[in-house]
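Take a look at the letters that make up each chain.
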Amino acid sequence: MLEKLNPLRVYSERPLRLPRLRPFVPKASDPPVYYFNAARDDIVEDVIARVVGRHTADRPRLELALNDAAYHEIRRLSRQGDIEAKEHLGFFKGLARRIARMSDADKRDALRLIVTRYARDVAGNFDPRVYDLARHLIPRLITGVMHPSRLPMELLPSAGGARAVHELLRVEGALEKLRRLEKDGTLVYVPTHSSNLDSIVLGHALEQAGLSPASYGAGKNLFTNPIISFFMHNLGAYRVDRRIAARAYKDVLKMYSQVMIERGYHSLFFPGGTRSRSNLLEHRLKLGLAGSAVQAFSHNRVRGVDRNLYFVPVTINYELVLEGETLIEDWLKSEGKARYIIENDEFSRLDRWVAFFRKIVGLSGACVIRFGDPVDPFGNPVDEAGCSLAPGGRPIDVGSYVLRRGQPVEDARRDAAYTRDLGEVLVRRYREESVLMATSLVAHVLYRRVVRETAGFDLFHRLRHRGEVSFSREALHGEVGSLRDRLRTLEDAGEVRVNHDIRARSPADIVDRALSVWNGYHRRTAARDEGAEVTAEDPTLLLYYQNRLVPFAERVADADDVAAAREISALEIRGAT
Amino acid sequence: MSGASVRVGVLGGGGFGQGLAAAAARARNDVLLWSRSERELPGGVGSTRDLAALAECDVLFLAVPSGYVEALSTELGTHLDGSHVLVHVSRGLVGAQLGTLSQLLRTTTPCRRVGALAGPLIAEALVSGAPSGAVVGTRFPEVANLVRDAIASEGFASTSRRTSSGSRSRAPSSGSSRWPWVTGVASARGRPP
Chain A
1 MLEKLNPLRV YSERPLRLPR LRPFVPKASD PPVYYFNAAR DDIVEDVIAR
51 VVGRHTADRP RLELALNDAA YHEIRRLSRQ GDIEAKEHLG FFKGLARRIA
101 RMSDADKRDA LRLIVTRYAR DVAGNFDPRV YDLARHLIPR LITGVMHPSR
151 LPMELLPSAG GARAVHELLR VEGALEKLRR LEKDGTLVYV PTHSSNLDSI
201 VLGHALEQAG LSPASYGAGK NLFTNPIISF FMHNLGAYRV DRRIAARAYK
251 DVLKMYSQVM IERGYHSLFF PGGTRSRSNL LEHRLKLGLA GSAVQAFSHN
301 RVRGVDRNLY FVPVTINYEL VLEGETLIED WLKSEGKARY IIENDEFSRL
351 DRWVAFFRKI VGLSGACVIR FGDPVDPFGN PVDEAGCSLA PGGRPIDVGS
401 YVLRRGQPVE DARRDAAYTR DLGEVLVRRY REESVLMATS LVAHVLYRRV
451 VRETAGFDLF HRLRHRGEVS FSREALHGEV GSLRDRLRTL EDAGEVRVNH
501 DIRARSPADI VDRALSVWNG YHRRTAARDE GAEVTAEDPT LLLYYQNRLV
551 PFAERVADAD DVAAAREISA LEIRGAT
Chain B
1001 MSGASVRVGV LGGGGFGQGL AAAAARARND VLLWSRSERE LPGGVGSTRD
1051 LAALAECDVL FLAVPSGYVE ALSTELGTHL DGSHVLVHVS RGLVGAQLGT
1101 LSQLLRTTTP CRRVGALAGP LIAEALVSGA PSGAVVGTRF PEVANLVRDA
1151 IASEGFASTS RRTSSGSRSR APSSGSSRWP WVTGVASARG RPP
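Just so you know, the protein sequences line up as chains A and B, in that order.
Position 409 (the first sequence) corresponds to 409 in our numbering; numbering is contiguous.
Position 4 (the second sequence) corresponds to 1004 in our numbering; numbering is contiguous.
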């Protein structure tokens, strides 16, 4: 049964790999991911064996796993109706009919077949040549989009290129410490998530910071573009198909991530689960993958492997968010029941990319990636040498958390409870490590005034007040200035960060920077500059950009604004990602 | 889990402290009671005035008035690590944030495996071994099991099950703390509870 093969589909299903003439031998100094390809089959086998083992312990569990997979896959495939459906729908329909009559051995074989297919689909690839290419080429290409006249220069290997990118992205935080810890420990990066650019930006930030590349899961929808797919696939990304709801598939994903961490591959995942629709800092986390990291730690300890594991909270802070307009619309539309996958947003449209990069040209610090201080799997801070610290700063043995009456043991429910504690720590750390940008400050002042003028209205009613609230330049500068100063006081207390570029700027500069960033990229005007006055034109966009400030709203408000600030704080309680 | 005895520590020499120590001794566990002042102790219970000695225990019961828990647990915490299980009998909301004692213990000590012991718990009944029951609220099933092993003795009927409302259940006063696991420890001397 030869299919008519669509070449695009071939690349997205079986991503292209470069052939090798001689076998690749990594150097001892290379980061762990350089060894990944040699260990790949072994990792996949390990994942399959452990997932199958978990579901075949007894007959009811085995039947549940098969029924669950058949039910969810029949639903998904009949809806998809594509080539994949043609290949596999029949199998699952047959399975659903036969389960009751199958022998235990047949059932086990069927489950193994399903799990094997999932595990092979998930596993990534890492090609050091592609990594080298990407890390030299991508910053130069981005620079090229921004400064077309500099492109020929940037492409010369001697140009030292990509200066513009270095200006654009600022990488800050506990870099020195992380470079030290990654040598003997395993790092799990857990960043905030606002844009599909995040994984690209973060990959570049790791490189700029002198840290090893990390393995991460990327949505299968990102693999449909053959070029992006080629890079993603060969840079160690594993594929996550969010349409598959079968329990066995989720187990494969978690186990894959767990096995990678057990074997010491630095990893990355977004605990928010999806891009923050509202631009609120993540305050409710999806802890599935964090849980598998904690389990990886206990599994290693039980086997006597005492490599340490560190979670690194990272905040990615944009002056301008590529997909901002679509995301906030989505948040409002479904009030927290956001569509999980958005197709055809700004990320997939080249004209929006060009407009985006043109806008942030020369804007130094338009994106700040801040690596927070690492914590151990139980939320404790660690010292310079990576040793866990108890309250009061006394070093303690991190292995003690998995001991039960003196013996290290594995206990999935215990680890789930630890993970929940860890999640609470990460949420606090995101606040402390978030970097507030000019657009957030200006949006907050404007939106707060809209709230004041529409006191007691519900959110949707309020958002219809377009272009009705104006500020004299003078009053706006005054409020932005006092907001900045209050945030700096919070910054001194270690509660939040203010972007370096606006720390010492005049309020007038901050306002101009925000207005010029918004206008001309977003298709809707966030705020209109009318010379002597600034009008809050689109409360929806202002809401989006000010949402980063929600946790601090009440503490930075004047007496006149306290009521409005309280209404703004309620946004977080309202929930929604 | 049962078999090897549990090393039980009790902080507080008041009615509950003595009752818990007596119950643990009756369950044939090694018991060490810490108190600021000299006390007359139930049989089989060791005593100490040194918090560091409690580091040898598997599980520690805090039975001091809730106002003292912060200072005491901060000092106690300097002797403990992640392997210790803490269970508080004291209750109430503490601090400006009105946190539960379970939350407090997770910030003043390195311990994460924390539980609250509550229920129709009567100090005299613990001492005398009269029929009595208790529940443990914790995120960690193993904490509930350990408490049962620590204070439930032969002739005690004990149950451990997930509450019917599962992990969604909340203690009415606790705000964000969840109490998914409940262990009942009920005495049945002679007749079922």
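Treat the hints as calculated values from the structure; they're not laboratory data.
A quick note: this is a predicted structure, and the numbers were derived from the prediction, not measured.
Virtual Cβ for every residue (Gly too), placed ideally from N, Cα, C.
A portion of the hints provided could be inaccurate.
Said to hold, decoys possible - Chain A is faced by these chain B residues, among others (derived, beta-carbon under 7 Å):
#	residue
1	1014
2	1083
3	1140
4	1141
Said to hold, decoys possible - Some chain A residues flagged as far from chain B (calculated, every beta-carbon gap over 12 Å):
#	residue
5	98
6	184
7	193
8	345
9	397
10	404
11	424
12	491
Unchecked claim - Quick list of the computed label-pair ranges, beta carbon to beta carbon:
#	chain 1	residue 1	chain 2	residue 2	range
13	B	1071	A	30	35 to 45 Å
14	B	1053	A	99	31 to 41 Å
15	B	1038	A	58	48 to 58 Å
16	A	413	B	1118	31 to 41 Å
17	B	1070	A	495	54 to 64 Å
18	B	1055	A	424	35 to 45 Å
19	B	1093	A	570	15 to 25 Å
Now for the hints, and whether the structure bears them out:
1. 1014: violated (26 Å)
2. 1083: With a closest approach of 4 Å, the residue 1083/B hint holds.
3. 1140: holds (5 Å)
4. 1141: holds (5 Å)
5. 98: holds (34 Å)
6. 184: holds (20 Å)
7. 193: holds (23 Å)
8. 345: Holds, since 34 Å exceeds 12 Å.
9. 397: The assertion about residue 397/A is violated, with a minimum of 6 Å to chain B.
10. 404: Incorrect as stated: the minimum Cβ-Cβ distance to chain B is 7 Å, not above 12 Å.
11. 424: Answer for residue 424/A: violated, closest chain B Cβ roughly 8 Å.
12. 491: holds (22 Å)
13. 1071/B / 30/A: 35 to 45 Å: violated (51 Å)
14. 1053/B / 99/A: 31 to 41 Å: Hint violated: Cβ distance 59 Å, outside 31 to 41 Å.
15. 1038/B / 58/A: 48 to 58 Å: holds (56 Å)
16. 413/A / 1118/B: 31 to 41 Å: violated (21 Å)
17. 1070/B / 495/A: 54 to 64 Å: violated (22 Å)
18. 1055/B / 424/A: 35 to 45 Å: violated (26 Å)
19. 1093/B / 570/A: 15 to 25 Å: Roughly 23 Å apart at Cβ, these two residues keep to the hinted range, so it holds.
Of the numbered hints given earlier, the model fails hints 1, 9, 10, 11, 13, 14, 16, 17, 18; all others are met.
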